[in-house]
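Engineer: Sequence:
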Amino acid sequence: MPSNLVGEWFTGRQYDAAVYTTNFAQASSNSTRLLLNPDSSYVFTRFSSTQVASSFGFSGYPITCQMMDALIERGRFTVQGGRLTFKPSSTEKHIAYSPSNLNQGCQRYSATKKTSSGGEVETVPWTVGAGVLTLSSGQEAVNYVRRAPSPKPTPIDTGLDSSIRGEWHLGQILRPEDYDPAKTNWTEADRTSVIVKLNANFTYERTSLVVERAYGCNPKRLVTEKGKVAEKNRVLTFTPTSSTMVKLGCESRRTTTTRNDVKPYQESYEVRIGVVGNQALMLTAGGENLYFSRPAEMTSGTATSGLNGPTPSSAPSLSSPRPLAKWTASGTWDAVVLVEGVTHRVGVTLEDDSPRILGFGSGPVKFALGDSAAGSMNIGLELEEGTFELKAQGRFDGDKYVGEGVWLHDGKAVGHGTLTMSRR
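Numbering-wise, the sequence shown is residues 1 to 424 according to the UniProt record's numbering.
Once the Cα atoms are required to be at most 27 angstroms apart in a straight line, the calculated DSS-like pairs of lysine-lysine come out as:
| # | residue 1 | residue 2 |
| --- | --- | --- |
| 1 | K228 | K247 |
| 2 | K366 | K412 |
| 3 | K263 | K247 |
| 4 | K87 | K114 |
| 5 | K87 | K113 |
| 6 | K93 | K113 |
| 7 | K232 | K197 |
| 8 | K228 | K263 |
| 9 | K226 | K247 |
| 10 | K183 | K197 |
| 11 | K197 | K228 |
| 12 | K197 | K247 |
| 13 | K114 | K93 |
| 14 | K263 | K183 |
| 15 | K183 | K247 |
| 16 | K263 | K197 |
| 17 | K226 | K263 |
| 18 | K400 | K366 |
| 19 | K232 | K263 |
| 20 | K226 | K197 |
| 21 | K183 | K412 |
| 22 | K226 | K183 |
| 23 | K197 | K412 |
Computed spacing ranges between beta-carbons, pair by pair:
| # | residue 1 | residue 2 | range |
| --- | --- | --- | --- |
| 24 | S89 | P125 | 18 to 24 angstroms |
| 25 | E231 | S40 | 56 to 62 angstroms |
| 26 | S40 | S150 | 24 to 30 angstroms |
In case anyone wonders, no lab produced these hints; they're calculated from the structure.
Glycine included, each C-beta is placed from N, C-alpha and C at the ideal position.
Work the whole structure out from these sequences, hints included.
Structural biologist: See below:
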């Protein structure tokens, strides 16, 4: 028995050995295994996959359903020079069954099983070279390969929760030099902003520029921290090893500085995914929620901003492509703009000129513009603090719209927001 012939040989996807003999439902693609044993017995298994067009429930939404066939042939083989002879002793056929990972909405079918004994003896030329077994039959040749080596085990990650590692921003982020406690640039800021960097080795850096709102003045403070961070049960414990706090009060334009005065503190955390797939980190302490976003998720200018509050649980995920509905957006809509935890409820009337949308609204609404084909909507609001605009990207779906985008103030990006609308 040639030693280079014995063992497993494959075409197509390679599954665990048990899949080819008992756990047939675990296979979900075309695959063939030829097992040649040292005692001259063999097992030949072939999986064949077929895709069938179907529809989801009463919606009629098109889906694809899969059917599998399995052939298992057992017997004896002999080798004479360059020829290999297979003599079957039994054959099993499992016909038209559903694999384990069937698409949602597809009907599941059990296999129709057929067995037979014996079979046609077949002799084929064979060659082995460079890890490839070639079996020839007439004008056709099939190349089998050895089982690919198992991948090396992935090292266990013992660092900080990977979902929160990296840099997070809240508010309109300034230039790096504007956070230098040795300078006074930060005293000109009119908004709160925070930068948090969480490292895999349980270290952190945090810069907080806090602008308070008081009658007649706005006290400010700039706090920079470096230290250790620990995580347990979704709670982060920050232990500063160095810190600097600079304060600017109302009575004087002079600043006061204290060093290494920040005590350890805790914040619970939660990572959320927005309706268009963007990440948000929510830190909570003392009943106050702070919403951070990744710096790369801002699309306008150099500023970055924190995300809005929790998105509605009923909002569909727009990270998965779905076909755009073909209809008109014309009509009167109830709109909800949610930004930084603040909700603005307004009414808008839209005229859809396919694809351009023009509209107007009640109350603070200054304008409503969009594109029904692309799923974009821009809504301008005149608020107490000035003129704001939400540039949302989402999807019209029947009488509903869900989108998310950049919150602008006087043309500058200052945050993220969501827009949900329902047609009256």
